[in-house]
Amino acid sequence: MKFAELQGKKIGICASGGLVSLFITQRLKEEGVGYEQFIVDIGQPGEEAHAYCSDNIDLMQGTRVIDLKEDIAQVFLQAVRAQAQYDGGYWNTTGIARAVTVKGLVAALRSQQCNVLAHGAVHGGNDEFRFTYYLKMFAPEIIPFSPWEDPTTSDRFRTRAAMGDFVADADQALMRSKAHHSVDANLGGVSHESREVELLSNSTNSIAPIMGVRVADAPDQPERCTIVFKNGLPVEINGQAVSAYQAIAMANQIAGRNGVVLKNVLENRMNGTKGRGLYESPGLDLLGTAARHLFQATVDKDGWELMRFLSPFIARQTYAGRLYDPATQIALASAEELTENASGVVEMLAFKGTYLVDRVRDYSKSRFTAQQFRFAHGGQKWITEAVA
Numbered sequence: 012m013k014f015a016e017l018q019g020k021k022i023g024i025c026a027s028g029g030l031v032s033l034f035i036t037q038r039l040k041e042e043g044v045g046y047e048q049f050i051v052d053i054g055q056p057g058e059e060a061h062a063y064c065s066d067n068i069d070l071m072q073g074t075r076v077i078d079l080k081e082d083i084a085q086v087f088l089q090a091v092r093a094q095a096q097y098d099g100g101y102w103n104t105t106g107i108a109r110a111v112t113v114k115g116l117v118a119a120l121r122s123q124q125c126n127v128l129a130h131g132a133v134h135g136g137n138d139e140f141r142f143t144y145y146l147k148m149f150a151p152e153i154i155p156f157s158p159w160e161d162p163t164t165s166d167r168f169r170t171r172a173a174m175g176d177f178v179a180d181a182d183q184a185l186m187r188s189k190a191h192h193s194v195d196a197n198l199g200g201v202s203h204e205s206r207e208v209e210l211l212s213n214s215t216n217s218i219a220p221i222m223g224v225r226v227a228d229a230p231d232q233p234e235r236c237t238i239v240f241k242n243g244l245p246v247e248i249n250g251q252a253v254s255a256y257q258a259i260a261m262a263n264q265i266a267g268r269n270g271v272v273l274k275n276v277l278e279n280r281m282n283g284t285k286g287r288g289l290y291e292s293p294g295l296d297l298l299g300t301a302a303r304h305l306f307q308a309t310v311d312k313d314g315w316e317l318m319r320f321l322s323p324f325i326a327r328q329t330y331a332g333r334l335y336d337p338a339t340q341i342a343l344a345s346a347e348e349l350t351e352n353a354s355g356v357v358e359m360l361a362f363k364g365t366y367l368v369d370r371v372r373d374y375s376k377s378r379f380t381a382q383q384f385r386f387a388h389g390g391q392k393w394i395t396e397a398v399a
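Numbers in our numbering are just positions in the sequence shown, counted from 1, shifted up by 11.
For the record, the hints were derived by calculation from the structure and aren't laboratory data. It should be emphasised that the depicted structure is a prediction, and the values quoted were computed from it without experimental measurement. Be aware that a few hints might be false.
Under the rule of at most 20 Å between Cα atoms (straight-line distance), these lysine-lysine pairs were calculated in the PhoX-like manner [claimed, not checked]:
{"id": "1", "residue 1": "K40", "residue 2": "K21"}
{"id": "2", "residue 1": "K274", "residue 2": "K363"}
{"id": "3", "residue 1": "K40", "residue 2": "K20"}
{"id": "4", "residue 1": "K114", "residue 2": "K21"}
{"id": "5", "residue 1": "K285", "residue 2": "K241"}
{"id": "6", "residue 1": "K285", "residue 2": "K274"}
{"id": "7", "residue 1": "K285", "residue 2": "K363"}
{"id": "8", "residue 1": "K13", "residue 2": "K114"}
{"id": "9", "residue 1": "K312", "residue 2": "K285"}
Computed spacing ranges between beta-carbons, pair by pair [what the hints assert, rightly or not]:
{"id": "10", "residue 1": "E207", "residue 2": "D228", "range": "17 to 25 Å"}
{"id": "11", "residue 1": "R235", "residue 2": "G283", "range": "40 to 48 Å"}
{"id": "12", "residue 1": "V133", "residue 2": "L277", "range": "13 to 21 Å"}
{"id": "13", "residue 1": "V356", "residue 2": "R319", "range": "32 to 40 Å"}
Even for Gly, the Cβ is constructed at its ideal location relative to N, Cα and C.
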């Protein structure tokens, strides 16, 4: 779809305050195309969603803020329970964000009679497929639009610097940054990408973490943290009952102040290429480590073997934009079933980017880990007694 084809249509755009979304709004204005703006609050570090709206109140009249913090938190905890990490221990923070964003936007887009959703995903990249696939799944009547499909954009703006100059030159008050590297942030983590990051010979030290301090700057003493799990999910941290959102937010704070590791990931992209990204997800790493040790104590041997198959499958499906496919949802349900007995207390030590399990206590035994086998009379069969 080209800009010329947008005439007469009602455009919805999900504004983040980042360079690309600012650029798209300015291009739509330049082309004389009207649009509705939506802000999706997915727990961005620093509450950027609210800051973006409040800092630009005059320009954001009519913008609708959609609160999806609890929605995305629940999906992240599903990933933690399933131990679903993609290449390099990546928790699919961006892939999950795209799924939750599109699904959560549908009702708002329909309420405003929007028949186009504009996004800034690079043509042929992971996110373009995710936006398109999820939109077709949840709202097939709404057309996805990326400005990069139009040569008037792709040929004219080849770098982030060029986009930044365009926005600034237009006297766009919403312009906040001309950063040359892309940052995508949400409750679960932050991804950093750029041409410089792509070069394997470049050090990760050029990027500063957003969700906490560098490992070298973390305290010299470990911090103790107690996490209570019920049926495979964290329900209490340090004596405080928590919702899904609160669990991840608290874990981010604890892990972040004790050193954020920028995961150096060389991932296999959906289009067959490889790409290097730097990812931070301190809270999910902390919770994921605690959950894994509890599962080892509460999930039976065969169940654990099945989990080892399900985990990478769910991670691959999520990365590929197929989180809500039937196969993925069934796999997630299976992980939930396998960990339904995973209740207990995990005591952790957070120390310079490392999360150590001090002990696991008060855990419930698996239905199958404490079996007694008796040889029946006559030696003809085995009788299995599961000990509760």
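A quick look at each hint next to the structure:
no. : hint                       : in the structure
1   : K40 with K21               : holds (13 Å)
2   : K274 with K363             : holds (14 Å)
3   : K40 with K20               : holds (14 Å)
4   : K114 with K21              : holds (19 Å)
5   : K285 with K241             : violated (38 Å)
6   : K285 with K274             : holds (16 Å)
7   : K285 with K363             : violated (30 Å)
8   : K13 with K114              : violated (25 Å)
9   : K312 with K285             : violated (35 Å)
10  : E207 with D228: 17 to 25 Å : holds (22 Å)
11  : R235 with G283: 40 to 48 Å : holds (45 Å)
12  : V133 with L277: 13 to 21 Å : holds (18 Å)
13  : V356 with R319: 32 to 40 Å : violated (24 Å)
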